[in-house]
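**Q** Let chain V serve as the given structure and place chain S on it in line with the hints.
The listed protein sequences correspond, in order, to chains V and S. Read in order, the letters of the first sequence correspond to residues 1 to 351 in the working numbering. Read in order, the letters of the second sequence correspond to residues 1001 to 1200 in the working numbering.
Label-pair distances were calculated between CB atoms; the ranges are:
id, chain 1, residue 1, chain 2, residue 2, range
1, V, A71, S, M1001, 15 to 25 Å
2, S, Q1068, V, R131, 43 to 53 Å
3, V, G23, S, K1070, 18 to 28 Å
Residues of chain S placed beyond 10 Å of chain V at every Cβ, according to the derived structure:
id, residue
4, L1002
5, E1005
6, V1009
7, T1046
8, I1078
9, A1090
10, R1141
11, E1145
These aren't lab readings, by the way, just hints derived from the structure by calculation. Just so you know, even glycine gets a beta-carbon here, dropped at the ideal spot from N, CA and C.
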Amino acid sequence: MSARGRDNEEPMAGEELVSLLYGELGAAEDADARARVSSDPDLAARMDGMRRVRDLFSVMEDEDPPPRLSAQLMAEAARSAPRAAAPAASSGDGFWARLVSWLQPLTQRPALAAAASLVLVGGVAGVLYMRKGDDLTSSSRPAAPAAASADTATVAPPAAPAPEPAPAAEEEAPAMDEGGAAAVVESDKGEKQRAPSKTARAPRARADEPVAKKAAPPKPSGVKSGTVLGLTEQEIAPPADADDAPQAGSGAASSPPPPPAAQPNAPGSAERAEPAPESKPPAQSKAPARPDVRDLHRRAVDAAIDRRCSEVRSLAGQVRQVDSGYYSKSFSRDGRLQSCLQSDKTRKSTK
Amino acid sequence: MLRDEADEVLMVAYQKGDVRGFEVLLTRHRKPVFNFILRFVGSRETAEDLLQETFLRVIKGAEAYQRQAKFTTWLYTIARNLCVDQSRRAKHRKAQSLDAPMSNSADSGTLLDVVPSTEIASDRQAVNKELQSRLHEALARLSEEQREVFLMREFLDMPFKDIADVVGVPENTVKSRMRYALEKLRLELDEYKDMAKAMP
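Bound conformation, chain V alone (with noise of 0.2 Å):
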């Protein structure tokens, strides 16, 4: 072959020589290599040369490295193993064994440990807060409705709610401040209209419960032990005369602003009233029990002022069937209701 043509094909053939001498060329190209090859004396020689070349070098012994080289890197091996504690980690594929793989970064970098306990701290955190005012707002949930139930029949609606129910003491500030709003333009409707009716006392002291929150902080005299949110029973149920109005306002005043299930009271929201809590069926017939024996003795005593003596028996009658106990303790022994009460006695007697 001359020295051109064997230029011409010698980049391509050196290179399939090379493939083809050490067996990585695919089957067809395989073949069509040997063909070539055989058919080309130059191209068998240089196979034949390269073939030699192997061959010699399948000769050359190998040396062993020496054995303390093995002990070393053994001994560095085990020293810088990459983890440790994983074998035992690694045996078993439950959580403990997670837990310890995914903790084990955090061991060995203190700033991440660091880092990774204030995160942990802080979630705490933010979780007993949210949780401390969950309770609030669903432990002021049976004085709303309790307050509710004895006003929404008759009352104006009051102070606009606030769209959503604020869970936290922060969030709850922009509510209060719109419902404060509004309430001081309910405040200004009751100004106009003056004599308002019993009734219609209370939903204006609740109207401007935002407003006297934000403005005052609670009564401590309101706050008494085993209440809820320093309510009472009776401070909940509505004011038995028009004398314990104010006080009713100002224990209003201390509790926080409504809850969702105060806001049917809203304007237009009528229909939307939902049914009152659990806690709300207690609260109703525990309210009216005690009130109303009082409510009756009191009247009675008025009417005994007055001389409506068989007023008086009739209430009396009431209070007896009510509650017979405060009956015989307390209005049978009134001093003031004697007169009407031995009448009777003794117009019975005479029958």
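**A** Okay, now just chain S, sitting in the frame of chain V:
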């Protein structure tokens, strides 16, 4: 049984702290890596240092090892790079003297003892010794690029594609270097071309 596991499995085992994984890898690869280095640098003492350094780098890099990577490619890349660095450091020194001993062993001769020898030793052991020296010498005369390719393909049985990965050149370049290496060795060892057949 760890001894039968693939290199990559063993490396992951060591990555998780199982030193036996590294032990099997060391046992499996220390000899071929040592001979690759020894034939590359031509000095046993240097080869021992570089072998140690190679496996130390494996130990240090174990945490960063990813199972997708072929272990031998990684291992020989480390070894090859150490050899190239060593070779570059030695370049400023005087080229190997023909009077310098070929190895540290006490009975090793000099290149002058073996290169122009026309006298074929009758003794097989002497012939073998002479041939071994001539092979080392022929390898030393290859360029680094040709030598590393030849060593990897011939002694480590690495496919050209893997060699290309280690060296960082296209596969065709590797084949081309291999062709030139083979032709140069053929010319260097022409007088011994029939000797291999006579060897045990």
